[in-house]
Amino acid sequence: MDAVIGFIQAIPLDLLIIQTVNGIVTGMILALVASGLTLIFGIMDVVNFAHGELFMLGAYLGVIVVAATGNFWLGLIMSALVVAILGAALQVVTLRPLIGRDPLNTILVTFGISLILQNYALWQFGTVTRKITEPISSYFTLFYLQYPWYRIVVTGLSAAIIGGFWLFLKYGKFGVWIRATTQDRVMAQAMGIPVPWVFTGVFAIGAAMAAASGVLFAPLGGVAPTMGLDWVLKAFIVVVVGGMGNLGGSILAAILISLLEAYASIWVDPSRAVIVSFVVLILTLLFRPTGLFATPK
Amino acid sequence: MTRHTKIYWAGFAVLMAVLIVAPLVLPEFWRRFLTEVLIWGLLAMSSDLLIGYTGMVSFGHSAFFGLGMYGAAAALLMVSPPNLWLAIGFGLIGAAGAALFVAYFSTRLRDIYFAITTLIFSQIFYVIIFTWTKVTGGENGLIFTRPHFSIPLLFDIRFTSTTLHWFVLAVVTGSYLILRRVTQSPFGMVLQSIRENEARTRAIGYPVQRYKIVSVMLSGIFAGLAGVLYAVQNEFAAPDFVYFVTSGDTVIFNVLGGIGTLVGPIVGAGFFQLLRELMSRVFGEQFPYLIPLGFIFIAMIIFLPQGLLGFARRWLNK
Amino acid sequence: MNAPAPSSEPLVQVENLHTYYGKSHILHGVSLHVGRGEVVGLLGRNGVGKSTTLKSIIGLVDASQGQVLYEGQSIITTPAHRLARRGIAYVPEDRRIFRYLTVMENLRTGLDRGGVTEERKAALLDKVFTFFPVLAERRGQAGGTLSGGEQQMLAIARAMMLEPKIILLDEPTEGLMPRMVSQIAQIIELLHNENVAILLVEQNVPLTLAASQRIYIMEKGCVRHHCAASELDVHHPLIKQYLGV
Chain V
1 MDAVIGFIQA
11 IPLDLLIIQT
21 VNGIVTGMIL
31 ALVASGLTLI
41 FGIMDVVNFA
51 HGELFMLGAY
61 LGVIVVAATG
71 NFWLGLIMSA
81 LVVAILGAAL
91 QVVTLRPLIG
101 RDPLNTILVT
111 FGISLILQNY
121 ALWQFGTVTR
131 KITEPISSYF
141 TLFYLQYPWY
151 RIVVTGLSAA
161 IIGGFWLFLK
171 YGKFGVWIRA
181 TTQDRVMAQA
191 MGIPVPWVFT
201 GVFAIGAAMA
211 AASGVLFAPL
221 GGVAPTMGLD
231 WVLKAFIVVV
241 VGGMGNLGGS
251 ILAAILISLL
261 EAYASIWVDP
271 SRAVIVSFVV
281 LILTLLFRPT
291 GLFATPK
Chain H
1 MTRHTKIYWA
11 GFAVLMAVLI
21 VAPLVLPEFW
31 RRFLTEVLIW
41 GLLAMSSDLL
51 IGYTGMVSFG
61 HSAFFGLGMY
71 GAAAALLMVS
81 PPNLWLAIGF
91 GLIGAAGAAL
101 FVAYFSTRLR
111 DIYFAITTLI
121 FSQIFYVIIF
131 TWTKVTGGEN
141 GLIFTRPHFS
151 IPLLFDIRFT
161 STTLHWFVLA
171 VVTGSYLILR
181 RVTQSPFGMV
191 LQSIRENEAR
201 TRAIGYPVQR
211 YKIVSVMLSG
221 IFAGLAGVLY
231 AVQNEFAAPD
241 FVYFVTSGDT
251 VIFNVLGGIG
261 TLVGPIVGAG
271 FFQLLRELMS
281 RVFGEQFPYL
291 IPLGFIFIAM
301 IIFLPQGLLG
311 FARRWLNK
Chain G
1 MNAPAPSSEP
11 LVQVENLHTY
21 YGKSHILHGV
31 SLHVGRGEVV
41 GLLGRNGVGK
51 STTLKSIIGL
61 VDASQGQVLY
71 EGQSIITTPA
81 HRLARRGIAY
91 VPEDRRIFRY
101 LTVMENLRTG
111 LDRGGVTEER
121 KAALLDKVFT
131 FFPVLAERRG
141 QAGGTLSGGE
151 QQMLAIARAM
161 MLEPKIILLD
171 EPTEGLMPRM
181 VSQIAQIIEL
191 LHNENVAILL
201 VEQNVPLTLA
211 ASQRIYIMEK
221 GCVRHHCAAS
231 ELDVHHPLIK
241 QYLGV
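Chains as they are written, first to last, in my numbering: chain V, 1 to 297; chain H, 1 to 318; chain G, 1 to 245.
What the hints contain is simulated information worked out from the structure, not anything from laboratory work.
These numbers were taken from a predicted model, which means no experiment stands behind them.
Note that the Cβ used here is the ideal one computed from N, Cα and C, for glycine as well.
Be aware that one or more of the hints could be misleading.
[To be verified] Here are the simulated lysine-lysine pairs, DSSO-like style, with alpha carbons at most 30 Å apart:
id, chain 1, residue 1, chain 2, residue 2
1, G, Lys220, V, Lys173
2, G, Lys165, H, Lys318
3, V, Lys173, G, Lys121
4, G, Lys127, V, Lys170
5, G, Lys121, G, Lys165
6, H, Lys318, H, Lys6
7, G, Lys23, G, Lys220
[As the list claims (entries may be wrong)] Partial chain G-side listing against chain V, Cβ under 10 Å, derived:
id, residue
8, Gly59
9, Gln65
10, Leu69
11, Ala84
12, Leu101
13, Arg108
14, Glu118
15, Thr130
16, Phe132
17, Ala159
[To be verified] So the derived list for chain H, only partly shown, Cβ under 7 Å to chain V, looks like this:
id, residue
18, Val57
19, Arg108
20, Ala115
21, Ile116
22, Ile120
23, Gln123
24, Ile124
25, Val135
26, Ile291
27, Ile298
28, Ile301
29, Ile302
30, Leu304
31, Gln306
32, Gly310
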């Protein structure tokens, strides 16, 4: 035990704080991605395999709009809107026919969609990584680093989007519809709530969240057709660790995993730091398979 | 002998005859193509045990396939002269180990969660293989020479593409017969009961999780066998095959060909590879063949969920 | 307000309805009708298909054969949420209020419809809170925290939010104390006075006979007897035959 304490004390405090900040930044983006996924699963019982591709498409749309107009925020909004519409269309065409069938069909179909979207992106955009320049290029001094303000802005925005959605769910008219549909789909219909359209709306919102995360992330990491798979994988881990269908749990899990990975990066190569998330997953499955933060509901 | 049995085995015999004669009349390219279709078919067939008979969709077969491949590679590199049987042995053990690991964790969760966790676990294996460069060759993979077909003290012959094809055919056919026996055995009946109604099967008193674990392991072992065959045919092992795409392809073969038929997935694999070959010949190598294939895949799930051979499902299982 | 249709045309007409649950044949050709503003009772033992009949009308169960007409038009393929907006409200057995929504939110699921002015919404809420003062008290509480009787009132109030022409009431008095049972009887009468039709499925024979104008009795998936409520009483041999133990 003393050895562990000594080990931790040997880490310079400034490095620890920097990694904490980094962890929270990626954690919030991951939370936004995972929220969309959890939403779609919790309300519609659909595992959206194509979520990562929607994230990726969002990023590319951001690249295109920013290149055309020079305005990052316009890119963010347009990307979210376009992907929301695309998501709605996809849901109506491919998922609605499957309502009432074995939920495994929806995994297969969304997998098929992810195939098409990813290969389309590869075909259209090629493998060269694109970049978007940060809309805010100022820095502040964090110990010995020049830390970009943009990263803080991203964190705040992600939190704002998630928070905004939570408020919408709690107070808006459609929020009541969504919650009623989640609790009792049959009675929601009997009350005149157009459940098939609620599902379409939810899928569109989830897709928009994915797209927004993609655009927000783009200046930090670059845009490539394969970026979707890595993120959706992490998002799945987050969703399982946080508890399927548990929005608050997903957010906490996203931050926890990102923090742990950021700390791990102090010692190991970032490409290996990802093993941390695997370990957390395995531990969760061993000891609390319903999710670390699962609450009864 | 019932009429069904007679027709079934007659059909089987005809098909075998065609596949045996094929390499003798086909040009080299198509000979190798056919052999590869059989190997992918074996992989897809192993997955069918889970999807079609136990009702569990797995996205983790790339791990089993990959470990079979790397296991074989290890044997072929460690022992000189390279030994076929050792390669098979190592490959099967590697795949079984991966399957046990995956099964232990994933079978705790039902349905959708099972699919996700198999995906995550197979990616874990990918990351390990990709980054553990010292042992696995990392990004570049491993290269080795093809072993001879030898039985000690009896004979030792090199494989030609034709004799290799026959060897693969024998292994795949044997696997099919074994899997068919398994699905028709009492064990297989319990698996199907789990697929139909897991809660009820458990209520009757069957240790469902144990059956699931065995099912995953069997599935993993045959997937590993496919990996071994692939290594032997192509003389290299690469992390690309452990990447998710292989798992995805496997599921596609299953859905296209028809789940729950064992042969269906082989047909699905063939159909997929043929379409891909056709498209690259007509539209060029760079054509993203997966886009139209993706559309076909989705259309099949919505309109023809039983797959190409689905209509024959009951007949094939009798 | 729409001009009332001639009183001779029934509001809801069910003709020769057959339904299946998997391979089980549940409804064997049920026929009945409910006129505007009428209270019609549907009696029968457990499992004879009363609830299924109601569910078929609101579109929550698919029929394999037969017809359901509403205001003269076929609604057999119309989805449930459209029927709810056209004036058919359903209050199921075991109430099924939204447990995690507040009382107010439960009411809002029916209130928030297109084409309803804010004044009308306020008036509706007023009416319902007058009918059910206890709901006004508890409007901010989660539905699941209400007692059984209060949940039943909420379920009916929620249905009233749709301003329905007909309410399909499935066993509203089940599991309620006698005091609440008489309250339900009062509510049914109040609704009847507002010209809302009611198709009442019940096990409580005296309440049903008192509240209804006509009675259908079902057995094994079809209607066995149909008459005016006044022709029956609790001791009638038919009641003993189809509902006796």
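Hint-by-hint comparison with the structure:
1. A threshold of 30 Å between alpha carbons decides the hint, and for Lys220 of chain G with Lys173 of chain V the separation of about 43 Å lies outside it, so the pair is violated.
2. Using a Cα cut-off of 30 Å, the hinted pair Lys165 of chain G and Lys318 of chain H is violated, with the two alpha carbons roughly 56 Å apart.
3. The straight-line distance between the Cα atoms of Lys173 of chain V and Lys121 of chain G is roughly 14 Å, inside the 30 Å bound, and the hint therefore holds.
4. Our distance criterion of 30 Å between C-alpha atoms is met by Lys127 of chain G and Lys170 of chain V, whose separation comes to about 26 Å.
5. Distance restraint check for Lys121 of chain G and Lys165 of chain G: the Cα-Cα separation of roughly 17 Å lies within the 30 Å cut-off, and the hinted pair is therefore satisfied.
6. Taken as a hint, the Lys318 of chain H and Lys6 of chain H pair is honoured in the structure, with Cα atoms around 12 Å apart against an allowance of 30 Å.
7. Pair hint Lys23 of chain G plus Lys220 of chain G holds up; C-alpha atoms about 16 Å apart against a cutoff of 30 Å.
8. Annotation: interface hint on Gly59 of chain G holds; nearest CB of chain V at approximately 8 Å, less than 10 Å.
9. For Gln65 of chain G, the interface hint is violated, since its Cβ never comes within 10 Å of a Cβ in chain V; the closest pair sits about 21 Å apart.
10. Proximity of Leu69 of chain G to chain V is violated relative to the hint, the smallest CB-CB distance being about 19 Å (cut-off 10 Å).
11. Using the Cβ-Cβ criterion of 10 Å, the hint placing Ala84 of chain G at the interface with chain V is satisfied: the shortest such distance is roughly 4 Å.
12. This hint holds: Leu101 of chain G has a C-beta 6 Å from the nearest C-beta of chain V, less than the 10 Å allowed.
13. Given hint, Arg108 of chain G at the interface with chain V, holds; its Cβ is 6 Å from that chain's nearest Cβ, closer than 10 Å.
14. Hint status for Glu118 of chain G relative to chain V: violated, with the closest Cβ pair at about 13 Å, above 10 Å.
15. Given hint, Thr130 of chain G at the interface with chain V, is violated; its Cβ is 22 Å from that chain's nearest Cβ, farther than 10 Å.
16. A least Cβ separation of about 17 Å between Phe132 of chain G and chain V goes past the 10 Å threshold, and the interface hint is therefore violated.
17. Interface hint at Ala159 of chain G: satisfied, since its Cβ lies 8 Å from the closest Cβ of chain V, which is below the 10 Å cut-off.
18. A distance limit of 7 Å between C-beta atoms decides the matter here; for Val57 of chain H the minimum to chain V is near 5 Å, and the interface restraint holds.
19. Given hint, Arg108 of chain H at the interface with chain V, holds; its Cβ is 5 Å from that chain's nearest Cβ, closer than 7 Å.
20. With 7 Å as the threshold, the beta carbon of Ala115 of chain H comes within range of chain V, its nearest partner Cβ sitting at about 6 Å, so the hint holds.
21. The restraint placing Ile116 of chain H at the interface with chain V holds, with a minimum CB-CB distance near 5 Å, inside the 7 Å limit.
22. Hint status for Ile120 of chain H: holds, given a least beta-carbon distance of 6 Å to chain V, under 7 Å.
23. Using the Cβ-Cβ criterion of 7 Å, the hint placing Gln123 of chain H at the interface with chain V is satisfied: the shortest such distance is roughly 6 Å.
24. Hint status for Ile124 of chain H: holds, given a least beta-carbon distance of 5 Å to chain V, under 7 Å.
25. Because the closest C-beta pair between Val135 of chain H and chain V is about 14 Å apart, greater than 7 Å, the hint is violated.
26. A least Cβ separation of about 5 Å between Ile291 of chain H and chain V falls short of the 7 Å threshold, and the interface hint therefore holds.
27. Nearest Cβ of chain V to the Cβ of Ile298 of chain H: about 4 Å, under the 7 Å cut. The hint holds.
28. Nearest Cβ of chain V to the Cβ of Ile301 of chain H: about 5 Å, under the 7 Å cut. The hint holds.
29. Checking Ile302 of chain H against chain V: minimum C-beta separation of about 5 Å stays under 7 Å; hint holds.
30. At its closest, the beta carbon of Leu304 of chain H sits 12 Å from a beta carbon of chain V; the interface hint therefore is violated under the 7 Å criterion.
31. Here the hint on Gln306 of chain H is broken, as its CB sits about 12 Å from the closest CB of chain V, past 7 Å.
32. For Gly310 of chain H, the interface hint is violated, the least distance from its beta-carbon to any beta-carbon of chain V being 14 Å, above 7 Å.
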